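Whenever a hint applies, use it, and build me the whole structure from the sequences.
For the record, the sequence lines run as chains A and B.
Using numbering that gives the first Met the number 0, the first residue of the first sequence is number 0, and each one after it goes up by one.
Using numbering that gives the first Met the number 0, the first residue of the second sequence is number 0, and each one after it goes up by one.
Calculated directly from the structure, the hints in this document are not laboratory data.
One or more hints might be untrue.
[Unchecked claim] Here are the simulated BS3-like pairs of lysine-lysine, each with C-alpha atoms no more than 30 Å apart in a straight line: (1) 121(A) <-> 121(B); (2) 430(A) <-> 403(A); (3) 125(A) <-> 144(B); (4) 213(B) <-> 426(A); (5) 475(B) <-> 463(B); (6) 121(A) <-> 36(A); (7) 430(B) <-> 213(B); (8) 332(A) <-> 332(B); (9) 363(A) <-> 125(B); (10) 408(B) <-> 144(A); (11) 213(A) <-> 426(B); (12) 121(A) <-> 353(A); (13) 125(B) <-> 353(A); (14) 213(B) <-> 144(B); (15) 393(B) <-> 8(B); (16) 257(A) <-> 125(A); (17) 7(B) <-> 366(B); (18) 426(A) <-> 144(B); (19) 124(A) <-> 125(B).
Given the structure is predicted, the values throughout are model-derived calculations rather than measurements.
Number of protein chains: 2
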Amino acid sequence: MQITPFLKKDANVPIYLQLYQFFREEIEKGSIITGEKLPSIRELSQSLNISRNTVDTAYQQLIAEGYVVSREKSGLFVLELDDVPMVQEVQHELKLPHVEGKTDNLIDFQYGDIELERFPIKVWKKCLLGAVDAPSHEVFSYGDKKGHYGLRTEIASYLYQARGVRCSPDQIILTAGTQTAVNLLIQLLSLQNEKVALEDPGYDGVRYVFESQKCEVVPISLDEDGINITELEQSSAQCVYVTPSHQFPIGMILPVQKRMKLLQWAGKNQTYIIEDDYDGEFRYLGQPIPSLKSLDTNEKVIYLGTFSKAFLPAARVTYIVLPEPLVEVYQSKLFYISQTVSQHIQEALYRFMKEGHFGRHIRKMRKIYQGKQAALLKAIECQLGDKVNVIGQKAGLHLLLELKGLDAKQLVEKAEEFGIRIYLTEKFWLKKPPQFDQPIMLGFGGLSVEQIESGVNQLARVMKVCEINQKIGEMKS
Amino acid sequence: MQITPFLKKDANVPIYLQLYQFFREEIEKGSIITGEKLPSIRELSQSLNISRNTVDTAYQQLIAEGYVVSREKSGLFVLELDDVPMVQEVQHELKLPHVEGKTDNLIDFQYGDIELERFPIKVWKKCLLGAVDAPSHEVFSYGDKKGHYGLRTEIASYLYQARGVRCSPDQIILTAGTQTAVNLLIQLLSLQNEKVALEDPGYDGVRYVFESQKCEVVPISLDEDGINITELEQSSAQCVYVTPSHQFPIGMILPVQKRMKLLQWAGKNQTYIIEDDYDGEFRYLGQPIPSLKSLDTNEKVIYLGTFSKAFLPAARVTYIVLPEPLVEVYQSKLFYISQTVSQHIQEALYRFMKEGHFGRHIRKMRKIYQGKQAALLKAIECQLGDKVNVIGQKAGLHLLLELKGLDAKQLVEKAEEFGIRIYLTEKFWLKKPPQFDQPIMLGFGGLSVEQIESGVNQLARVMKVCEINQKIGEMKS
Numbered sequence: 000m001q002i003t004p005f006l007k008k009d010a011n012v013p014i015y016l017q018l019y020q021f022f023r024e025e026i027e028k029g030s031i032i033t034g035e036k037l038p039s040i041r042e043l044s045q046s047l048n049i050s051r052n053t054v055d056t057a058y059q060q061l062i063a064e065g066y067v068v069s070r071e072k073s074g075l076f077v078l079e080l081d082d083v084p085m086v087q088e089v090q091h092e093l094k095l096p097h098v099e100g101k102t103d104n105l106i107d108f109q110y111g112d113i114e115l116e117r118f119p120i121k122v123w124k125k126c127l128l129g130a131v132d133a134p135s136h137e138v139f140s141y142g143d144k145k146g147h148y149g150l151r152t153e154i155a156s157y158l159y160q161a162r163g164v165r166c167s168p169d170q171i172i173l174t175a176g177t178q179t180a181v182n183l184l185i186q187l188l189s190l191q192n193e194k195v196a197l198e199d200p201g202y203d204g205v206r207y208v209f210e211s212q213k214c215e216v217v218p219i220s221l222d223e224d225g226i227n228i229t230e231l232e233q234s235s236a237q238c239v240y241v242t243p244s245h246q247f248p249i250g251m252i253l254p255v256q257k258r259m260k261l262l263q264w265a266g267k268n269q270t271y272i273i274e275d276d277y278d279g280e281f282r283y284l285g286q287p288i289p290s291l292k293s294l295d296t297n298e299k300v301i302y303l304g305t306f307s308k309a310f311l312p313a314a315r316v317t318y319i320v321l322p323e324p325l326v327e328v329y330q331s332k333l334f335y336i337s338q339t340v341s342q343h344i345q346e347a348l349y350r351f352m353k354e355g356h357f358g359r360h361i362r363k364m365r366k367i368y369q370g371k372q373a374a375l376l377k378a379i380e381c382q383l384g385d386k387v388n389v390i391g392q393k394a395g396l397h398l399l400l401e402l403k404g405l406d407a408k409q410l411v412e413k414a415e416e417f418g419i420r421i422y423l424t425e426k427f428w429l430k431k432p433p434q435f436d437q438p439i440m441l442g443f444g445g446l447s448v449e450q451i452e453s454g455v456n457q458l459a460r461v462m463k464v465c466e467i468n469q470k471i472g473e474m475k476s
Numbered sequence: 000m001q002i003t004p005f006l007k008k009d010a011n012v013p014i015y016l017q018l019y020q021f022f023r024e025e026i027e028k029g030s031i032i033t034g035e036k037l038p039s040i041r042e043l044s045q046s047l048n049i050s051r052n053t054v055d056t057a058y059q060q061l062i063a064e065g066y067v068v069s070r071e072k073s074g075l076f077v078l079e080l081d082d083v084p085m086v087q088e089v090q091h092e093l094k095l096p097h098v099e100g101k102t103d104n105l106i107d108f109q110y111g112d113i114e115l116e117r118f119p120i121k122v123w124k125k126c127l128l129g130a131v132d133a134p135s136h137e138v139f140s141y142g143d144k145k146g147h148y149g150l151r152t153e154i155a156s157y158l159y160q161a162r163g164v165r166c167s168p169d170q171i172i173l174t175a176g177t178q179t180a181v182n183l184l185i186q187l188l189s190l191q192n193e194k195v196a197l198e199d200p201g202y203d204g205v206r207y208v209f210e211s212q213k214c215e216v217v218p219i220s221l222d223e224d225g226i227n228i229t230e231l232e233q234s235s236a237q238c239v240y241v242t243p244s245h246q247f248p249i250g251m252i253l254p255v256q257k258r259m260k261l262l263q264w265a266g267k268n269q270t271y272i273i274e275d276d277y278d279g280e281f282r283y284l285g286q287p288i289p290s291l292k293s294l295d296t297n298e299k300v301i302y303l304g305t306f307s308k309a310f311l312p313a314a315r316v317t318y319i320v321l322p323e324p325l326v327e328v329y330q331s332k333l334f335y336i337s338q339t340v341s342q343h344i345q346e347a348l349y350r351f352m353k354e355g356h357f358g359r360h361i362r363k364m365r366k367i368y369q370g371k372q373a374a375l376l377k378a379i380e381c382q383l384g385d386k387v388n389v390i391g392q393k394a395g396l397h398l399l400l401e402l403k404g405l406d407a408k409q410l411v412e413k414a415e416e417f418g419i420r421i422y423l424t425e426k427f428w429l430k431k432p433p434q435f436d437q438p439i440m441l442g443f444g445g446l447s448v449e450q451i452e453s454g455v456n457q458l459a460r461v462m463k464v465c466e467i468n469q470k471i472g473e474m475k476s
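In structure tokens form, the structure reads like this:
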């Protein structure tokens, strides 16, 4: 293959990103076709006069996003592209359906729902059947306490490619959901009766677990760019739980400088960081920022990932990556803990990953979700532009809306009457600021573009009703 | 159908048991054939001049064991019997294969393994596929926090028929394994830093969970017939965890008088009993004793059941039955806890139960395990009769062997050299009695009759070797 990427060495965009974008566009345009082999790292670094590392980084990103696959000893090959709507395609003019009053078809902006129509149900069924047929005795027994070894191997290799996390399968422990994982970490790190710092606002489901285990939860407020490091330093916490790739629920991405400070904090105080990378797969804007774990030279970061967002909430599979020194502590202290994920699900997921379906699925879903998010943003801009500010649009499967002047609770209630379910966010705050105006949460993973558009359109009507009601209320009083 | 059971009203055996045994034998002999309808309760109670309750109890037992099925408004019908080896059939003469030294084929008497060859793999695959195909949105999402409602309904009805437990699906919570269930109960009952009484010896996997949650574990010793109630009364514990249907690991069955005392203790002290009925399905000797929960009029018993023994360890499904008053406490206190069992496994299990496969499976497995146990007992009697005492043969999937004079650790090590894996039991004891001689544990669920026979035969050789070694050791010293 002759390739001639036009690389601007003095541009703001790093070379590896330019190279990555070049290949991605060529593949998407069809200039480089399915099955074609990419030039070797050596060839390309020589012909472009750039370092091998730069080429490798670009290639790793292409692998992680499912554009190419690496075949042992033969090189990188371009994968088939699915017929996925591009972001541009959905930015057509908004239809304005005539909807009056309450509708029977509730449009539910529930966070946590995923796209089901394009879920690879046939492949998943094949994997499940294969799992039950697997000759391995283990598949029918309690199995490995840390989880299916093959699956842990697949996860380790995925994490290296996609998130820059270097770990061995021995460092990985599978659990039935993130709450189960956090419960286990509280035992492992002996956090009972100790101070644990949490982002405020943050994920309430995890906060309750810390509280139920008698941890003293210390809320740390957020700056524009994420967790306030000074407050953290003053907290004398033994451990911090953070969502740096996509702060939940606000959505900022922690810049690399702050990541380094966080790591310094942990190194200096001999404390641990729990990095919950719950939806790191779905990043739409800006260039990739390395995960905290990939920057962790002091073995102080415990990484959490989940298949709930990237694949299937119904699978209930979360994974913990322990720093090397904690593996032994785990084995001597928590040896008795049985595996909580069904062996059949583990074996099926192993097959799904091993056969390359997972990488492709992630890539496909990233486009689909990006398309949905674009539709949502466009609809919000057209319909609600003057009434809200959008928060957290760089990544993930939800947005927050800051309301200008409207009362959040009234809006949510009224929306329900009109067949639109949207969500309050106050439960995510532990310390509410004075004169707290909570934003509204819209999850879009489970809705079609049509539902999103029709939902926002309807929401605009609801807002008008609320405005009028509020004015009437003011006139009366 | 004309039926003429010969009931001895003055016999020691209660009428309902005689009636149950009559039907069971007639069905097994083929005198009453598949699809035939049993007489209605009214008819039979009139014709035999016995109470309707008596007939109903006998019929419930037949349903629970899968001999008949109840079809709404039409009555009870006889189910097809599988081609299952009867207990008698396996009591043939023992083969004595010539085995020398170490063998490549390890025979592993691991407790927790189940019979796989007769596992209904086709049906289970059908249920799994059906689950993934299910139109329900819930099957692909996080689902009901307490678990799949249909599955909870099936469990409620199974528990009524099989264990006399009356509960509504609302009282049932599904969890990924028993440790997860106990963890949840510790939160629910606020047992952290409180005294919790455990049978000693008992199930170590649960003891570790209590300890890790900072409960003060109080070991209660066992009498011949189960937990020592006086010690329990003196313990001032807030809660007791017991295995009354088949004490783990010793195997005694708590007599009904002691069950009543246990319930009185809980009623008087406003404490809770956690009844772990982990293998209540597999009872071979003696008449059924009602579960603690079925006798609980004070709402003080929390019942735990699992599909790990009765169905499949790989499913990782345990269920909690809460007393009615605790349901509200659960909802207000633990509302945040996500379901830990995969939706796909839950839906598949629901289908498996709803279509009647579960009841049949239990009945089939009871016979298979009974056959295996009979083979094991026979082999032990023939081969090791003078060297061991058998403990706990009334129920379950394991036996203990008390050694006469041999050292348990040496035996286990030497057996491993000879290709036989047997298990020490000291880990089940918290307070070891002075001059403690631990029994050996043999699980037989996962082994074939041939493996059992060959394993015990080999064990006899190992014991001889150990005896000789011990004598040599004595002579030397």
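Quick rundown of the hints versus the structure:
1. With a CA separation close to 18 Å, the supplied pair residue 121(A) and residue 121(B) stays within the 30 Å bound.
2. Between residue 430(A) and residue 403(A), the direct Cα distance comes to roughly 22 Å. Compliance with the 30 Å bound is thereby established for this hinted pair.
3. The hinted pair formed by residue 125(A) and residue 144(B) meets the criterion: a straight-line CA distance of about 28 Å does not exceed 30 Å.
4. This hinted pair checks out: residue 213(B) and residue 426(A) have alpha carbons roughly 29 Å apart, not beyond 30 Å.
5. Distance check on the hinted pair: residue 475(B) and residue 463(B) sit about 18 Å apart at the alpha-carbon level, within 30 Å; holds.
6. At most 30 Å may separate the alpha-carbon atoms for a hinted pair to count; residue 121(A) and residue 36(A) meet this at roughly 28 Å.
7. Of the supplied pair hints, the one linking residue 430(B) and residue 213(B) holds, its CA atoms being roughly 19 Å apart against a limit of 30 Å.
8. A C-alpha spacing of about 29 Å is found between residue 332(A) and residue 332(B), which places the hinted pair at or below 30 Å, so the restraint holds.
9. The straight-line distance between the Cα atoms of residue 363(A) and residue 125(B) is roughly 29 Å, inside the 30 Å bound, and the hint therefore holds.
10. A threshold of 30 Å between alpha carbons decides the hint, and for residue 408(B) with residue 144(A) the separation of about 25 Å falls inside it, so the pair holds.
11. This hinted pair checks out: residue 213(A) and residue 426(B) have alpha carbons roughly 29 Å apart, not beyond 30 Å.
12. Using a Cα cut-off of 30 Å, the hinted pair residue 121(A) and residue 353(A) holds, with the two alpha carbons roughly 16 Å apart.
13. Restraint check: the Cα-Cα separation between residue 125(B) and residue 353(A) comes to about 24 Å, which is no more than 30 Å; the hinted pair holds.
14. A C-alpha spacing of about 26 Å is found between residue 213(B) and residue 144(B), which places the hinted pair at or below 30 Å, so the restraint holds.
15. This hinted pair checks out: residue 393(B) and residue 8(B) have alpha carbons roughly 26 Å apart, not beyond 30 Å.
16. A C-alpha spacing of about 44 Å is found between residue 257(A) and residue 125(A), which places the hinted pair above 30 Å, so the restraint is violated.
17. The hinted pair formed by residue 7(B) and residue 366(B) meets the criterion: a straight-line CA distance of about 27 Å does not exceed 30 Å.
18. Between residue 426(A) and residue 144(B), the direct Cα distance comes to roughly 18 Å. Compliance with the 30 Å bound is thereby established for this hinted pair.
19. Restraint check for residue 124(A) and residue 125(B): satisfied, since their Cα atoms lie roughly 11 Å apart, inside the 30 Å limit.
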